[in-house]
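> Protein sequence lines, in the order shown, are assigned to chains A and B.
Under our numbering, the first sequence has 92 at position 92, and the numbering climbs by one with no breaks.
If you want our numbering, it's the position in the second sequence, counting the first as 1, plus 482.
Hints were generated in silico from the structure; no laboratory data involved.
Don't take each hint at face value.
[As the list claims (entries may be wrong)] In silico negatives: residues of chain A with every beta carbon more than 10 Å from chain B:
id, residue
1, V27
2, G147
3, A171
4, A178
5, N197
6, N199
7, L208
8, G267
9, D322
10, T456
11, V468
[Said to hold, decoys possible] Here are some chain B residues the structure puts well away from chain A; computed CB gaps all over 12 Å:
id, residue
12, M483
13, D484
14, V485
[Claimed, not checked] Chain B is faced by these chain A residues, among others (derived, beta-carbon under 7 Å):
id, residue
15, I140
16, L164
17, S167
18, Y181
19, A182
From a predicted model like this one, the values you see are computed outputs, not experimental measurements.
Quick reminder that beta carbons are idealized off the backbone N, C-alpha and C, glycines included.
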Amino acid sequence: MTEISYLAIGPVIALTLGVVLVLLVEVTYKPKVTWLGAIAALSLLAGFALSVAQWIEASDDPIIRFRGMLALDPFAAFGSVVLTVLGAVALLVAWPLIVIQGRRAAEFIALVLLSLTGMILMAGAAHFIMLFLALEVTSISLYVLAGFARDNADSNEASVKYFLLGSFASAVFLYGVALSYAATGSLSLYGAAEFLNENLLLDSASLLAGIGLLIVGLAFKVSAAPFHMWAPDVYQGAASGVSGFMTAGAKVAGFAALARVAVTSYGPYISDWAPAVAVIAAISVVVGTMLAIAQSDIKRMLAYSSIAHAGFILTGLVAGIDGVPYVWFYVVTYAFQVLGAFAVVSVVSGPAGTRSPLTDYAGLAQRAPVLAGSLALLMFSMGGIPLTAGFLSKLYVFREAVDAGYLWLVVVGAVASVAGLFFYLRVIVLMYMNPQSEEGGVGETRVGDPLRVALTAVAVITLAFGIVPGPLLDVVTSALPL
Amino acid sequence: MDVTAGWYLALGAVLFVIGASGMLLRRNALVMFMSIELMLNAVNLTFVAIGRHTGDLNGQVAVFFVMVVAAAEVVVGLAIMIAVFRRRSSASVDDLAVLNG
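Take these sequences, add in the hints, and give me the full structure.
Given below as structure tokens:
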């Protein structure tokens with residue numbers, strides 16, 4: 001077969017062209033940063049349009065393209081739709097940070113777009129080598145983004161930690177791939193599934209070790225406990241304007257990859273991997289919630305809360321293929337919430353700031369009602385208050401886990417989410433009921449237009465899918481891997 | 483005595499464990515990074531051994547990808563470490579403990 005399906009890599013081509021153009025235009029013309037932003041916006045728009053085209057094409061006829069490398073199925077198309085929108089919102093959030101980078105703005109935009117291409121490929125990879133390459137494209141871009149402020153000691157530290165632990169996780173993941181290859185004789189996700197469906201392994205030790213290492217490697221990337229130690233330091237040490245993107249993007253792509261590998265390649269072995277995933281989920285919700293309560297810096301608090309949310313998302317995954325739609329529902333709505341929360345932080349503690357003590361938020365409601373209102377909505381949603389997307393997503397994953405027979409996990413999750421309300425509500429109380437103290441509450445409160453658009457989008461997504469989840473549910477229930 | 487694929491897999495496993503222990507025990511960022519490279523090479527050995535054993539080319543080709551990605555990682559990693567080294571004149575990760583809690 002010699003024909004090439006350009007549609008399967010359409011969004012990736014659009015974003016890569018955007019990267020090349022941004023960098024070339026920068027060195028050739030040294031334009032105003034607005035022009036670079038326009039190029040990025042155009043390539044994201046093209047990527048989005050092509051992702052929608054993929055969705056239309058793939059929902060009738062899902063197929064594996066490029067000799068088994070990339071899947072063109074609703075799962076990949078949906079991932080790419082979500083990631084292009086997420087990328088656009090993330091660029092709006094990061095815009096004040098991009099503007100103050102001066103001549104380095106082009107590199108920054110290019111890195112965001114590059115990591116997005118990696119994330120999109122992670123959602124579509126149908127071959128372990130493709131998945132590894134996509135994972136590395138994403139991770140390497142994010143290592144650089146974490147340390148983009150070279151002269152900031154916190155960013156340096158975040159970058160080194162992210163790099164060392166991230167590379168370690170990649171090596172663990174890769175050894176998992178090698179062991180699974182030893183057991184199944186195939187590096188294709190679907191080839192492995194075929195082999196496991198047709199053959200009964202006499203000795204499954206190598207396969208189980210492989211699956212275990214694979215899950216550990218990906219759990220590192222989505223910051224699930226006990227592989228989470230890097231997350232708080234990295235999300236705090238990175239500039240506030242970009243921490244949200246790092247959290248949200250890595251979660252969407254990481255869970256897409258994890259879900260596809262788990263339910264397609266190792267679907268026949270669900271009774272072996274699901275208990276392990278359940279244990280990681282339980283540890284994540286407990287550790288994330290407990291440590292978030294102890295934080296006095298809002299970025300660290302959000303990082304620990306993202307660990308807890310990783311646990312909730314894994315709770316949906318223990319149900320296998322039945323849980324995948326709700327994993328999508330959770331990860332998509334959560335990604336926008338965490339992006340919005342970090343957007344508020346990037347205003348209050350400055351787009352390039354790394355520290356953001358909670359005391360800065362005392363009396364924020366009087367100084368900046370819009371910011372306080374957005375953050376309050378997002379805190380309610382992350383805490384799981386009804387009428388928000390966060391409540392429904394928790395409900396769905398819990399229901400799936402109960403159906404799959406993991407009642408104990410749901411009990412742990414429910415207790416943790418009640419305990420979690422403490423630190424989410426604490427932020428709201430601080431903003432609305434505490435008077436502004438003399439030395440605290442010094443943060444900046446001016447909201448630029450790009451940020452206003454981003455915050456509105458996030459608030460609409462959080463509320464709309466919390467009240468009318470139907471449309472998104474329809475989409476995610478058909479966004480299944482081939 | 484025949485040297486079968488099993489021996490190579492065992493050697494790969496041993497090298498991987500040595501690399502992982504180095505990563506977890508050593509305190510110099512450069513040495514930690516070298517340990518990660520050792521882990522990747524252990525994976526490479528495993529890949530070629532299996533590829534040779536099953537006669538499947540995928541295993542051999544995978545190694546090229548891993549090597550190229552490892553090289554890309556080195557580029558970024560050393561740049562990050564130089565940025566840190568300029569500020570602190572030390573490559574020990576114990577000095578990088580400002581962010582905690």
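> What hints, given by number in increasing order, does this structure fail?
2, 3 and 4
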